[in-house]
Amino acid sequence: MNAMLRETESATAPLAVRGLVHRYDGCNALDGVDLVLEPGSVLGLVGRNGAGKSTLIRVMLGLLEPRAGEARVFGEPALTLSDAAKARIAYVPQQPEALAWLSARQMLDFVGRFYPRWDKVFAKHMLERWQIPENKLLAKLSPGERQRVDLIRALASQPELLVLDEPAAALDPVARRELLREVALRAGDAGTTVLFSTHIVSDLERAASEVAFLHQGRLLFRCGVDDTKERYARLWLPARMSAAAPAQSLSRHRHDDGSLSLVVERDSRGCWPEAAELAGARIDALGLEDLFVEIAG
Amino acid sequence: MDASLLNIQPAASEPIYRQIAEQLRRLIAGGQLVPGELLPSVREVAAFHAINPMTVSRAYGIAESEGLLERLRGKGMTVAATRLANRTEHQRLALLEPQLQALARHVGELELPAEPVLRRLTKLLGE
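Taken in sequence, the protein lines are chains A and Y.
Its first residue numbered 1, the first sequence is counted upward by one per residue in the numbering used here.
Its first residue numbered 298, the second sequence is counted upward by one per residue in the numbering used here.
Calculated directly from the structure, the hints in this document are not laboratory data.
Certain hints may be false.
What the hints assert, rightly or not - A few chain A residues that face chain Y, going by a derived Cβ cut-off under 7 Å, partial list only:
id	residue
1	G144
2	L180
3	R186
4	G188
5	S202
6	R206
7	S209
8	E265
9	D267
10	R269
11	G280
12	L286
13	G287
Stated by the list, open to error - Just the calculated beta-carbon pair ranges, DEER-fashion:
id	chain 1	residue 1	chain 2	residue 2	range
14	Y	G364	A	G19	45 to 51 Å
15	A	D34	Y	E311	29 to 35 Å
16	A	R48	Y	E334	44 to 50 Å
17	A	D227	Y	R417	46 to 52 Å
18	A	D34	Y	V404	19 to 25 Å
19	Y	K420	A	R240	31 to 37 Å
20	A	D34	Y	G364	40 to 46 Å
21	Y	A391	A	D34	36 to 42 Å
22	A	D109	Y	Q306	38 to 44 Å
Note that CB positions come from ideal geometry on N, CA and C, so glycine has one too.
Please model the complete structure; the sequences and the hints are all you need to start from.
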């Protein structure tokens, strides 16, 4: 029954991958990743540098063939996407390189013809707003400017699926806030599905509806942003009680004085592990950044 | 009410929807928002703070279920006309729940038994 349910889900989902495995030079970049994005969701993908975020994104979109597993976009195999499916997607890589011999304005005029819902007014407005020298060749722009042009291209095409790889790196705080606003409102108004990778966790906390945490090629967890904050916490136990620590925890650090910090999860009834009730034990609510550091640090 | 009246801290351990719901409770309890006052739409709040609209709807939904807000047809969300005294004891007690839970947690951390805390609290409430 479950398998059938999954079949139907991934048959229509904007993005769905199962059992992805990929290696570079014998190192596991992806080590069995399953992930389905529901329409209209905004998924923030977090992980340390080298966790496999860009690899995962590239495999999901069919830009890289995995060693094992399958990736589907709108139900089609990612490696053999139809033009119709491609027209519904916009992807902004970390370092865009395409059409470098054109100026920003020429490039946007050119690619705009291929998108049925191209928003010309928006593209023009954003070029000014994000201070892009529109007549300079793309090859001559700084990496940050180049990625901003690509973000404008992606947003102006009004895609159904928007995939952004580390978009925050190229933007100052004002432009970042503007991008997040676009992402959040498009998800709300047009039901745009968004996947973005980032290591700036507060961005994710604003705009994302869900967070997926990639660590050493595996998804450690995937959860609603609000639920994550309510479901996980740090349990601190003084040295004399460390024997009472629950066997199950997402991370475990022993401090110099023998005390223990663990990331623990509420059970199905919403209760923390029993050790949290012991006198002297402490439960600390965590923001996503602290949670991320506790687990990956 | 203007969306800028809300103060959002995305990095806090308290989820954003709870921050909004809590601020609405306080603004209404403190009289900064008066019965009948129109709230900004979900989209306005989401746009101003660059947050996910679902988060704002969730907060509004909570405030509505607590009787703080009222959805008026064709107008949007407004501050409910009901006065504090008209709310059931259960609804008013629910407003205190976060503080009560925080207190219970502190008591546990300080390894205090319940009796002296309850005695002190009873005294404070009697004053």
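Hints versus structure:
1. Given hint, G144 of chain A at the interface with chain Y, is violated; its Cβ is 20 Å from that chain's nearest Cβ, farther than 7 Å.
2. For L180 of chain A, the suggested interface contact is upheld, since its CB lies about 4 Å from the closest CB of chain Y, less than 7 Å.
3. Violation of the interface hint for R186 of chain A is found here, the shortest Cβ-Cβ separation to chain Y being roughly 10 Å, above the 7 Å cut-off.
4. Interface hint at G188 of chain A: satisfied, since its Cβ lies 3 Å from the closest Cβ of chain Y, which is below the 7 Å cut-off.
5. Among the interface hints, the one on S202 of chain A holds; its C-beta lies about 5 Å from the nearest C-beta in chain Y, closer than the 7 Å criterion.
6. Against a cut-off of 7 Å between C-beta atoms, the interface hint on R206 of chain A holds, since the closest Cβ of chain Y lies about 5 Å away.
7. With its C-beta approaching chain Y no nearer than about 5 Å, S209 of chain A sits inside the 7 Å limit, and its interface hint holds.
8. Below 7 Å, beta-carbon pairs count as interface contacts, and E265 of chain A has none with chain Y, the closest being about 15 Å; its hint is therefore violated.
9. A hinted interface residue such as D267 of chain A counts as satisfied when its beta carbon comes closer than 7 Å to some beta carbon of chain Y; here the least separation is about 17 Å, so the hint is violated.
10. The interface hint given for R269 of chain A is violated, since its Cβ lies 16 Å from the closest Cβ of chain Y, which is over the 7 Å cut-off.
11. For G280 of chain A, the interface hint holds, the least distance from its beta-carbon to any beta-carbon of chain Y being 6 Å, beneath 7 Å.
12. With a cut of 7 Å, the hint placing L286 of chain A at the interface with chain Y holds, because the nearest CB-to-CB distance is about 5 Å.
13. With a cut of 7 Å, the hint placing G287 of chain A at the interface with chain Y holds, because the nearest CB-to-CB distance is about 5 Å.
14. As the Cβ distance of G364 of chain Y to G19 of chain A is approximately 49 Å, the hint placing it in 45 to 51 Å holds.
15. Between D34 of chain A and E311 of chain Y the Cβ separation comes to about 31 Å, which falls inside the hinted range of 29 to 35 Å.
16. At about 46 Å, the CB distance of R48 of chain A to E334 of chain Y agrees with the hint of 44 to 50 Å.
17. Taking 46 to 52 Å as the suggested C-beta distance range, the pair D227 of chain A and R417 of chain Y does not conform, at roughly 36 Å.
18. Between D34 of chain A and V404 of chain Y the beta carbon distance is about 43 Å. The supplied range of 19 to 25 Å is therefore violated.
19. The hinted window of 31 to 37 Å between K420 of chain Y and R240 of chain A holds, with their beta carbons roughly 34 Å apart.
20. For the hinted restraint 40 to 46 Å between D34 of chain A and G364 of chain Y, the CB-CB distance of approximately 42 Å keeps it satisfied.
21. Our hint of 36 to 42 Å for A391 of chain Y and D34 of chain A holds, since their Cβ atoms are close to 39 Å apart.
22. Separation of D109 of chain A from Q306 of chain Y is about 42 Å and conforms to the stated range, judged on CB atoms against 38 to 44 Å.
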